[in-house]
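Asker: Next come the chains, spelled out residue by residue.
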Amino acid sequence: MPELSKLDDLMKQLADGDRSAFRPVFDLLWGPTLRLCRGMLMNEADAADGAQQAMTKILERASDYDPARPALPWALAIAGWECRTLKRARSRRRETQEDEGPEVTGGAAENDFITRQLSAAAVMAMGELTQADQDVLRATYWDGAAEVSGATLRKRRKRALERLQKVFRRLYGLD
Amino acid sequence: MDSIDLDQLRHRARVAYEWSRLRRALIGFAPALVLATVASWLGGKPVASAPFGLGLFFAGVIALWYGREPKRAVLPGIAAGFFPVVLTIATMHVGHLCLGDRCTSACMAACIVGGIGAGLAVGVVGMRKHSRFLFWITASALVLCTGAMGCACLGYAGLVGLAAGYGAGILPALFVSGMQ
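If you're matching them up, the sequences are chains A and B in order. 568 is the number of the first residue of the first sequence in the numbering used here; add one for each residue after it. 192 is the number of the first residue of the second sequence in the numbering used here; add one for each residue after it.
Read the hints as simulated data drawn from the structure, not as lab findings. Treat the hints loosely; a few may be bogus.
[What the hints assert, rightly or not] Now the in silico label distances, taken between C-beta atoms and shown as ranges:
1. Val206(B) / Arg651(A): 21 to 27 angstroms
2. Lys579(A) / Leu362(B): 31 to 37 angstroms
3. Arg319(B) / Arg659(A): 39 to 45 angstroms
4. Arg586(A) / Ala359(B): 33 to 39 angstroms
5. Thr663(A) / Arg323(B): 56 to 62 angstroms
6. Arg660(A) / Tyr257(B): 37 to 43 angstroms
7. His287(B) / Ala635(A): 26 to 32 angstroms
8. Ser658(A) / Trp210(B): 50 to 56 angstroms
[To be verified] Subject to a maximum C-alpha distance of 20 angstroms in a straight line, what follows is the list of computed DMTMM-like cross-link-like pairs (lysine to aspartate or glutamate):
9. Lys624(A) / Asp198(B)
10. Lys654(A) / Asp616(A)
11. Lys320(B) / Asp585(A)
12. Lys624(A) / Glu209(B)
We treat Cβ as the ideally placed atom computed from N, Cα and C, and that holds for glycine.
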């Protein structure tokens with residue numbers, strides 16, 4: 568958390584025109600931006616491209632930064648937008664290629680890869696929850712009957728899922 | 192992520208940052224260019240006033256692009272600078288002030304009084320904001336460029352009158368700031 572308030576201060580300085588804050592802001596934002604792009608694009612090369620575009624865009628808009636707002640969500644919102652744009656552009660290109668002729672590598676393999684990456688991300692996010700929340704979610708998964716059991720468990724499961732969603736959003740910037 | 196050249200990316204991001212600031216400065220200061228054109232035209236001698244208008248525009252754009260203290264000096268500098276301009280343009284219709292057999296241009300008095308007023312205004316703002324060196328320099332440059340658009344019609348005498356008045360007006364604030 569001290570890193571976040573440090574980032575807020577540095578971003579404020581950079582927005583005001585203090586160039587000495589440029590390098591530290593870049594260094595503090597690079598890691599989270601790259602992680603977000605990896606989480607969204609599920610492909611190392613696309614994530615690298617997306618993160619680079621996002622960093623350029625974030626720092627281009629540094630002067631617009633409102634010091635009343637926390638810097639990291641502001642920056643990651645820009646990065647998220649850039650990654651979504653890149654993702655859309657890539658999928659459009661893929662659709663065009665599919666229209667032109669059959670793909671050499673199978674789409675099923677790619678879907679399988681994406682599914683595995685998403686599962687890994689969900690497991691990682693689950694690791695951030697409390698033991699009690701993890702137990703509730705595991706019970707839901709292993710015991711199908713738990714889904715229809717008492718109202719208390721349903722409420723606990725709902726709360727645990729909400730917390731998992733929050734953690735996922737914090738880690739990857741998306742639901 | 193060894194394939195990403197972070198130094199090159201940092202450089203690209205820095206260039207984007209600087210261009211974005213410059214673009215914002217140009218857009219942000221464009222209204223002052225309109226005001227400068229109007230003031231030069233109303234001053235009656237646009238050829239003499241135009242260089243100061245251009246100087247004002249470049250000084251303002253550089254201050255906004257640079258940011259920090261110079262950026263904070265832009266608004267007070269422009270606002271205070273328009274005081275001698277308006278005063279001079281208004282007194283152009285008065286003609287000369289005569290005391291006995293001695294006459295002097297009312298414009299000259301307007302330049303000096305306007306300069307004093309602008310100096311006092313910048314001084315008050317600067318002291319309130321506990322401003323530093325770059326604020327005073329930028330605000331003074333902007334006041335003198337703006338004010339000169341009105342006083343240039345009197346030639347060097349008008350400019351000297353404006354500068355002297357401004358110096359007299361800002362001196363107390365600079366003295367108090369220096370003491371603090």
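Asker: All hints, please: hold or fail.
Answerer: Each hint tested on the structure:
no.	hint	result
1	Val206(B) / Arg651(A): 21 to 27 angstroms	holds, 25 angstroms
2	Lys579(A) / Leu362(B): 31 to 37 angstroms	holds, 34 angstroms
3	Arg319(B) / Arg659(A): 39 to 45 angstroms	violated, 55 angstroms
4	Arg586(A) / Ala359(B): 33 to 39 angstroms	holds, 36 angstroms
5	Thr663(A) / Arg323(B): 56 to 62 angstroms	holds, 57 angstroms
6	Arg660(A) / Tyr257(B): 37 to 43 angstroms	holds, 42 angstroms
7	His287(B) / Ala635(A): 26 to 32 angstroms	violated, 55 angstroms
8	Ser658(A) / Trp210(B): 50 to 56 angstroms	violated, 30 angstroms
9	Lys624(A) / Asp198(B)	holds, 16 angstroms
10	Lys654(A) / Asp616(A)	holds, 11 angstroms
11	Lys320(B) / Asp585(A)	holds, 18 angstroms
12	Lys624(A) / Glu209(B)	holds, 12 angstroms
In the structure shown, a violation is registered for the earlier hints numbered 3, 7 and 8, in ascending order.
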